[in-house]
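K.L.:
Here is what each chain is made of, one letter per residue.
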Amino acid sequence: MRYSALAVLKEGLTGNRGWTPVWRKPEPKPHYDVVIVGGGGHGLATAYYLAKTYGITNVAVLEKSYLGSGNVGRNTTLIRSNYLLPQNIAFYERSMQLWEGLAQDLNYNTMVSQRGILNIVHSDGQRNAYVRRGNAMRLAGVDAVLLDREDVRKYLPTADFDNARFPIRGALLQPRGGTVRHDAVAWGYARGADMRGVDIIEHCEVTGFRIEDGSIKGVETSRGFIGAGKVGLAVAGSSSRVGQMAGLRLPIEAHVIQAFVTEGLKPVIDHVVTFGAGHFYVSQSDKGGLVFGGDLDGYNSYAQRGNLPVMEDVAEGGLALFPNLSRLRILRNWAGLLDMSMDGSPIIDKTPVDGLYLNCGWCYGGFKATPASGAGFAHLIARDEPDDYIGAYRLDRYARGALLDEKGVGAQPNLH
Amino acid sequence: MRITCPYCGERDFQEFTYLGADIERPDPNAPDAENAFFDYVYMRENPAGPFAELWYHSGGCRSWLRVRRDTRTHEISSTALAKASEQGGGA
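For the protein sequence lines, the chains are A and B, in the order given.
For reference, each letter of the first sequence is one residue, going 7 to 422 in the working numbering.
For reference, each letter of the second sequence is one residue, going 223 to 313 in the working numbering.
Derived by calculation from the structure, the hints in this document are not laboratory data.
Mixed in with the good hints there might be a few duds.
Pair ranges (Cβ atoms, derived) [to be verified]: (1) A:Val274 <-> B:Ala302: 47 to 53 Å; (2) B:Val263 <-> A:Asp166: 56 to 62 Å; (3) A:Ser332 <-> B:Pro250: 49 to 55 Å; (4) B:Ala252 <-> A:Pro32: 50 to 56 Å.
From a predicted model like this one, the values you see are computed outputs, not experimental measurements.
Note that CB positions come from ideal geometry on N, CA and C, so glycine has one too.
My request is simple: use the sequences and hints to build the entire structure.
P.N.:
Here's what the structure looks like:
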């Protein structure tokens with residue numbers, strides 16, 4: 007059913023008895039044209055664009071748990087396109103533009119809130135680095151504004167501007183950056199795909215691949231064999247494990263990153279803010295809780311939980327920036343499994359197996375990429391060639407030396 | 223997480239710096255050195271389970287350690303000095 011103000015009014019007056027489930031719960035069919043492995047944001051977006059843009063509707067999305075149980079429901083909901091490398095700017099700006107029209111496109115309220123993201127500057131050297139980044143963004147047509155100290159004061163009146171060690175000197179602002187309701191992204195894409203005929207099959211774990219003469223024939227799952235003309239992998243932190251079943255060895259390490267939410271407050275931080283001298287970034291949710299995070303724990307992990315010293319480090323960073331938050335209680339913390347690539351940039355490409363496509367390497371930044379990743383991956387699967395935005399994200403770029411190392415730290419995933 | 227250093231005893235993991243997978247550096251004079259180094263630098267087994275890795279006790283005795291740890295539970299089953307073993311002591 008289509009959502010509208012009129013529908014809300016009508017249902018409100020008639021006891022809300024007419025709402026229907028947002029997606030069906032179909033049994034798997036014996037064969038699909040395309041099977042997407044992974045019912046997270048990227049997998050669901052891929053299925054949606056396959057159906058909507060390319061008319062490929064005989065598609066299944068297989069999710070081993072319930073829909074939205076992985077990173078799409080575990081991230082800190084930020085969107086931004088403030089990158090430095092031209093390939094990344096183009097891709098993430100494409101994603102930003104899709105975010106801006108997403109609620110209308112999906113007819114689903116994804117609560118896109120472009121409240122602006124401020125990267126705080128604490129030194130002259132850091133300002134120079136952000137001037138360079140801001141100029142790169144503006145050359146690519148992306149919005150970027152350099153703020154001085156007094157400008158920042160208008161945005162963040164409660165920040166500690168005269169911290170003895172890390173005084174605030176300014177900030178790089180991307181006004182169009184912001185947050186999105188992450189669960190709604192999963193549900194909205196699932197609904198849009200389902201409405202066009204895509205089967206979303208939850209609690210269906212892929213246990214193997216059937217490959218004959220170098221071509222994919224289907225997937226073995228916990229609910230039996232499912233035949234497929236093409237298979238797309240969008241399994242984020244499980245990429246190495248799932249890839250191994252298809253004989254792939256990937257430039258990926260699994261790492262862990264934590265996130266936190268405090269008790270609810272009245273509005274206190276109106277924007278997304280990143281601390282420039284430590285590992286801390288924050289935004290305030292619509293419920294009032296401060297949602298914040300920091301850096302990776304720093305070692306390989308599949309545990310989906312982090313260690314306490316990182317929590318302490320993140321909290322210290324937060325208090326250096328906002329001392330007025332010192333008595334806030336943290337309600338929850340959790341961790342997500344990251345598919346850290348060896349240069350910090352993603353991979354969307356074909357694989358050596360004919361008909362098997364790969365989408366991985368999103369590091370700690372996959373959420374903001376969801377629409378462009380889905381659109382690009384769908385194009386790749388439908389047309390067997392990359393679209394205008396994902397062409398740099400090739401699997402063989404490591405062998406060719408064509409790295410996309412935004413931070414310039416080399417093949418050390420825990421430093422990206 | 224706590225790591226038992228052979229010199230310093232059980233210490234908080236924050237005293238240590240993480241390198242990553244404990245893999246042998248290829249022979250640069252081997253005929254297939256280019257491929258071997260590509261594999262060494264970029265490709266990873268990335269297992270979910272027991273994992274051999276290298277930690278440097280930068281906040282202590284400054285020794286490189288070979289640690290065997292389960293990536294699903296963070297449980298450490300063994301720790302040894304890297305230089306005591308035969309291969310890759312300079313890692």
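K.L.:
With reference to the structure, classify each hint as holding or not holding.
P.N.:
Going down the list of hints, with the structure as the test:
Taking 47 to 53 Å as the suggested C-beta distance range, the pair Val274 (chain A) and Ala302 (chain B) conforms, at roughly 50 Å. Checked against the given bound of 56 to 62 Å, the beta carbons of Val263 (chain B) and Asp166 (chain A), roughly 42 Å apart, lie outside it. Take Ser332 (chain A) and Pro250 (chain B): their Cβ atoms lie about 54 Å apart, and the range 49 to 55 Å holds. Distance hint check: the CB atoms of Ala252 (chain B) and Pro32 (chain A) are about 53 Å apart, consistent with the given range 50 to 56 Å.
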